[in-house]
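Please put together the full structure from these sequences, using the hints given.
Protein chains: 2
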Amino acid sequence: MTTAGTQDWTPGRGDALLIVDAQNDFLPGGSLAVPSGDDVVPALNRYAAAFRTRHLPIFASRDWHPANHCSFVEQGGPWPPHCVMETHGAQFASGLNLSEAVIISKATEPESDAYSAFENTDLDQRLKKSGVKRLFVGGLATDYCVLNSVRDAVRLKYSVVLLEDAIRAVNVQPEDGPRAIEEMLELGCQPATVESVGLTPPRTPAVLTDLYQLAMLKAYHDRDMNQTAIFEFYIRHLPAQRNFLMAAGLEQVLEYLETLRFTQQERDWLISSGRFPADFVDALKDFRFTGDVDALPEGTLFFANEPVLRITAPLPQAQLAETRIINILQMQTMAASKAARMVLTAPGKTLLDFGLRRAHGAEAGLFVARASYLAGFNGSATVPAEPYFGVPVFGTMAHSYIQAHHDEAAAFKDFAHSWPDNTVFLLDTYDTLQAAHKVVALARDLKKEGIAIHGVRLDSGDLLQLAKQVRSILDEGGLHDTKIFASGNLDEYALEQLIAQQAPIDGFGIGTRLAVSEDAPTLECVYKMQEYDGKPRRKRSEGKATWPGKKQIFRTFDAQGKMQEDHLALENESLPGEPLLKPCMRQGKRLSPPAPLEQGRTHGARQLDQLPEALRSLNPAPPYPVHISQKIRELADRLDQEPS
Amino acid sequence: MTTAGTQDWTPGRGDALLIVDAQNDFLPGGSLAVPSGDDVVPALNRYAAAFRTRHLPIFASRDWHPANHCSFVEQGGPWPPHCVMETHGAQFASGLNLSEAVIISKATEPESDAYSAFENTDLDQRLKKSGVKRLFVGGLATDYCVLNSVRDAVRLKYSVVLLEDAIRAVNVQPEDGPRAIEEMLELGCQPATVESVGLTPPRTPAVLTDLYQLAMLKAYHDRDMNQTAIFEFYIRHLPAQRNFLMAAGLEQVLEYLETLRFTQQERDWLISSGRFPADFVDALKDFRFTGDVDALPEGTLFFANEPVLRITAPLPQAQLAETRIINILQMQTMAASKAARMVLTAPGKTLLDFGLRRAHGAEAGLFVARASYLAGFNGSATVPAEPYFGVPVFGTMAHSYIQAHHDEAAAFKDFAHSWPDNTVFLLDTYDTLQAAHKVVALARDLKKEGIAIHGVRLDSGDLLQLAKQVRSILDEGGLHDTKIFASGNLDEYALEQLIAQQAPIDGFGIGTRLAVSEDAPTLECVYKMQEYDGKPRRKRSEGKATWPGKKQIFRTFDAQGKMQEDHLALENESLPGEPLLKPCMRQGKRLSPPAPLEQGRTHGARQLDQLPEALRSLNPAPPYPVHISQKIRELADRLDQEPS
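Top to bottom, those sequences are chains A and B. Per the working numbering, residue 1 is the first one in the first sequence, and the count goes up by one each step. Per the working numbering, residue 1 is the first one in the second sequence, and the count goes up by one each step.
Treat each hint with caution, since some may be false.
[To be verified] Computed cross-link-like contacts, EDC-like style, restricted to lysine to aspartate or glutamate with a CA-CA straight-line distance of at most 20 Å:
1. B:544 x A:578
2. A:535 x B:407
3. B:447 x B:476
4. B:128 x B:109
5. A:413 x B:222
6. A:631 x A:613
7. B:535 x A:642
8. B:483 x B:445
9. A:631 x A:531
10. B:448 x B:475
11. A:544 x B:445
12. A:544 x B:431
It is worth saying that the hints were derived from the structure and are not from the lab.
And the structure:
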């Protein structure tokens with residue numbers, strides 16, 4: 001908690017982003033790996049997004065060496081071969097979103113090296129041509145290419161903002177990185193972090209977990225139990241009121257995993273709590289998620305027992321993440337699944353999420369806004385959902401606005417003058433029909449000013465009858481284009497009824513019952529160990545037994561393209577149908593940049609199109625067929641025979 | 001989102017906190033007010049808490065002038081009279097928690113002034129005596145007493161950490177503050193913020209609200225609608241499964257209100273969203289909550305229609321805060337009320353919250369941990385609940401820990417060696433009774449090492465039968481002191497049954513059904529305008545009409561001290577009974593420092609003691625009598641006659 005905001009470095013006209021050498025060979029596993037070099041990727045993605053949304057230029061430099069480059073040891077240079085053009089090592093980090101970026105290749109000739117992005121490139125000319133005066137610089141490595149690029153930028157009279165959370169040093173000597181930062185600050189660079197260039201959701205602390213995860217981590221640490229574990233997240237049974245579920249929340253899980261760190265504050269707290277010895281806490285300093293993630297793309301429909309997400313990682317990493325993974329995936333999946341029912345029920349209607357106030361805390365409200373948009377809603381009232389997730393947000397007035405005026409008609413009129421393009425009047429503060437007549441009267445005056453009344457909203461009473469009466473009043477008053485919106489304790493059942501009765505309502509604001517998924521406020525979801533150290537595992541607890549092994553879902557479709565049946569099989573089985581789990585992360589790195597929410601929304605809409613007719617009903621339908629493969633059954637039987 | 005943690009300034013041995021002159025006369029409304037001087041109070045409370053929990057010394061200096069002090073204008077000095085000893089103006093900020101702080105009075109003689117806390121005081125001697133080498137300095141004002149205290153501290157060879165978010169400048173000249181900070185940094189001070197001294201929950205962004213609140217704010221801004229509004233938060237009807245509710249969340253509401261600011265990033269985003277004109281957004285820069293708060297202390301039991309919290313503030317402030325106030329109070333009240341039912345049902349049993357994973361997002365999990373502890377739970381598994389709220393946390397092992405071992409007994413043994421004081425073994429991974437026998441066998445070996453087995457946990461199956469059988473096995477093995485804990489889909493109904501059947505279970509871990517308040521996952525709670533600009537208001541929407549006016553609850557008790565009946569009356573009515581709403585904040589300032597959660601927990605326990613027997617039942621009881629006063633009814637009738 002701070003009372004003051006962080007300093008502001010919001011980019012604007014005259015600013016450009018320079019991403020220095022964020023290439024595979026400089027990331028862990030690369031031939032010239034910068035320690036924790038992959039840390040810069042999520043931060044750079046944020047910066048790049050901030051620049052893209054403002055239509056500001058982004059430049060990405062890269063080492064682009066011939067195979068016989070002079071900087072390589074075999075040519076007498078100081079470095080192992082790296083970033084050889086057209087090789088994997090020279091490619092940009094797989095998770096880095098460089099769309100709309102201009103690529104600057106450097107040191108492309110055998111005989112000349114270049115640490116600076118300006119050296120023998122046209123970067124300066126390009127920047128000058130774009131009117132750039134200030135450069136935001138991040139990338140790799142702090143003590144070589146970043147430092148040298150910054151030196152040149154300062155010499156060439158650019159102001160420089162140094163992106164402290166998006167640089168990492170090689171540290172051939174341990175002081176190289178700090179010394180480089182010191183030099184750059186002395187050159188007049190301003191330090192910034194992602195919080196200062198835009199609104200982002202708070203990072204998940206590593207200690208946001210159950211204490212038992214940390215207790216187990218210590219036990220694993222004591223015995224070096226660090227082999228690979230496989231955990232799968234799935235739902236044991238669908239809630240009675242759900243014929244399908246829609247996967248949501250993967251993007252937040254990936255972000256959580258790629259930024260999972262025990263900060264100094266967290267480690268200090270662990271020590272000061274008196275529970276953990278120093279050697280264990282010290283080791284947490286280097287804790288990173290280095291595992292693999294396979295998952296259903298967001299928007300995918302799924303059923304009981306089907307893995308939504310699989311983690312393959314050293315045991316302590318897979319263990320620690322359990323709590324937050326379930327916490328994210330349950331909430332968003334629940335909200336997306338509830339919203340999807342409304343989307344199916346009200347085709348062609350505008351659907352907005354009004355749920356923040358009655359959601360369970362701040363994050364629940366944000367997750368509902370995101371998940372309902374993914375499922376096909378048109379937007380949300382929750383303001384940060386727009387900067388955080390790109391969800392369009394909407395809003396006009398509450399009853400208190402009307403009540404604060406002595407006269408309802410004056411309240412409408414004032415609002416129209418403040419918001420001539422956003423005129424949706426709330427009618428039910430006192431008497432809905434009287435209010436509708438006031439709107440008609442007001443419309444005449446506003447028309448002279450060029451203001452049209454976009455809509456009215458009903459928030460209480462018999463919505464069907466009121467909507468019909470209000471529609472008549474509006475139509476009689478010539479306001480045929482004025483839409484009617486409704487809100488107030490709505491859910492898919494109420495929508496179904498209103499639509500069946502042909503209520504003349506154009507759009508709905510859905511609050512509480514969506515926000516808490518009222519008829520199914522929890523999913524029987526679990527995250528269970530399927531394999532450890534190469535050996536499949538099965539929990540046999542009464543009523544809670546698991547299907548063992550590393551699994552895949554194969555889905556087949558009928559001639560009309562509708563979903564036909566799923567086979568749950570071991571991953572290495574080859575069955576007909578589309579495999580649904582897709583690789584997302586390998587060795588802690590994303591395989592592709594963060595997917596825009598719109599992409600999941602499109603996928604979700606297509607999935608809903610493929611849903612068999614019977615499952616579209618709000619009433620319970622016969623379950624969609626999910627077959628457990630013979631090999632899984634055999635494996636389970638075999639494990640059950642083993643002693644525990 | 002950052003990938004690196006903020007720099008660490010966790011205080012330790014040799015550190016002390018110096019709070020400079022955080023006195024009323026330097027706060028807004030005081031005779032020598034520092035602009036936004038009250039901003040420092042919440043941050044200073046955090047720092048003080050960090051020092052107190054580590055038993056490190058805290059010093060608070062104060063101007064303590066005689067009435068004829070030389071610094072006053074009338075004596076030829078530069079300042080208006082201020083901080084005259086024993087007056088209100090000289091008192092420390094009402095919301096500042098200075099418990100365990102040493103008070104240093106300065107400039108106590110008519111003829112000598114002192115900006116520095118070291119000047120003519122024994123501060124240096126006291127610090128040296130305590131072995132202090134480094135001083136953390138915050139308070140008022142940056143450009144006078146803070147600056148001069150820091151100059152002296154540096155001269156006296158102390159290292160100084162400057163608490164950037166806990167200082168504010170007078171700025172007689174606009175550059176005075178920045179220049180003072182620059183000088184202090186040049187003197188070698190290290191800048192820090194509260195995030196760097198401990199783990200704190202994320203601050204609520206001002207934009208965490210519904211868009212319509214901001215739309216209305218602009219309309220109010222356009223017309224200078226800034227008069228005082230009164231809003232009350234209350235529940236329309238109790239859920240069918242609740243005979244009472246327990247108020248919770250007030251502390252988070254107060255923290256939200258006292259730190260409510262539109263940061264530069266938020267304002268930039270509002271502009272860049274294209275919805276709001278610059279003049280409106282610029283005005284948000286100075287947006288502060290300057291109103292009054294009256295509320296039920298946390299832990300108070302209440303019923304339908306009774307105001308839980310009242311905001312009296314300029315209209316835009318009261319309006320903006322609506323969404324987050326409901327969001328906080330609903331969630332925590334719902335969780336506390338659900339937990340209270342379990343506390344009543346299971347007296348003498350250990351109750352722990354295991355709900356984070358199935359709670360709706362991160363904040364919901366934290367709120368459940370806090371609210372259930374308030375209601376009488378013994379603790380939680382949710383780690384950050386301890387550093388954030390002081391909730392004790394507990395945890396041992398999951399099934400995956402057992403599964404990661406080839407042998408269940410070896411898993412138990414390893415754990416006992418890693419956690420000799422925290423030996424609670426999970427029995428149901430494979431076969432509960434076999435596992436119990438393994439525990440008995442293991443106990444003999446562990447006893448030789450001085451390790452006792454504290455408990456076992458059952459997480460599936462027929463808990464009653466298993467508990468009885470496990471109890472027998474343990475007792476036969478001589479493990480009479482080994483406790484049995486149970487978890488797995490428990491709620492108050494399951495507890496009631498297990499206890500009625502005398503299940504030998506000592507403690508329960510309660511997860512999902514508590515975390516989402518499964519049988520009542522939402523409350524019909526609202527935050528409604530009762531008065532604006534001195535005039536009572538009433539919303540008359542069908543089925544959603546409000547009781548108008550500024551209200552108080554008067555509660556009477558019977559001879560046994562049990563709650564008898566409540567009267568809901570206008571605040572200025574005088575009725576028998578205890579008035580339940582207490583003043584918490586005036587003009588944006590807390591009337592007392594943040595209450596420790598333990599205080600609410602004690603209050604909640606007393607409230608549960610006072611609950612009439614019938615209402616303690618898990619089954620619906622006849623409603624507790626809440627009478628609406630004649631004056632409220634008359635006011636409602638009168639307002640209904642008025643034209644809208």
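Mind checking the alpha carbons of residue 448 (chain B) and residue 475 (chain B) for me, to see if they're no more than 20 Å apart? Judged against 20 Å, a Cα distance of about 19 Å means the pair holds.
For a C-alpha distance cap of 20 Å, please report whether residue 544 (chain B) and residue 578 (chain A) respect it. Outside the cut-off at roughly 51 Å; violated.
Pair hint residue 631 (chain A) and residue 531 (chain A), alpha-carbon separation not exceeding 20 Å: Status holds; Cα separation ~15 Å.
Checking one constraint from the list: CA of residue 128 (chain B) to CA of residue 109 (chain B), max 20 Å. Satisfied? This hinted pair is violated, its Cα atoms lying about 25 Å apart.
Proposed proximity, residue 445 (chain B) with residue 544 (chain A) (alpha carbon, max 20 Å): Between residue 544 (chain A) and residue 445 (chain B) the Cα gap is close to 32 Å, so the pair fails against 20 Å, i.e. violated.
Holds or violated: residue 535 (chain A) with residue 407 (chain B), Cα cutoff 20 Å? Answer holds: residue 535 (chain A) to residue 407 (chain B) is near 13 Å, not above 20 Å.
Restraint status (C-alpha distance of residue 447 (chain B) to residue 476 (chain B) at most 20 Å): holds, 16 Å
Given hint residue 431 (chain B) paired with residue 544 (chain A) - CA-CA distance at most 20 Å: The hint holds at about 12 Å.
Take a quick look at whether residue 483 (chain B) and residue 445 (chain B) sit within 20 Å of each other, Cα to Cα. Within the cut-off at roughly 19 Å; holds.
Tell me if the straight-line CA distance from residue 535 (chain B) to residue 642 (chain A) falls inside 20 Å. violated, 77 Å
Is the hinted pair residue 413 (chain A) and residue 222 (chain B) satisfied, with a Cα-Cα distance of at most 20 Å? Status holds; Cα separation ~13 Å.
Given the hint that residue 631 (chain A) pairs with residue 613 (chain A), does the C-alpha gap stay at or below 20 Å? violated, 31 Å
The structure fails to meet hints 1, 4, 6, 7 and 11 from the earlier list, while all remaining hints are met.
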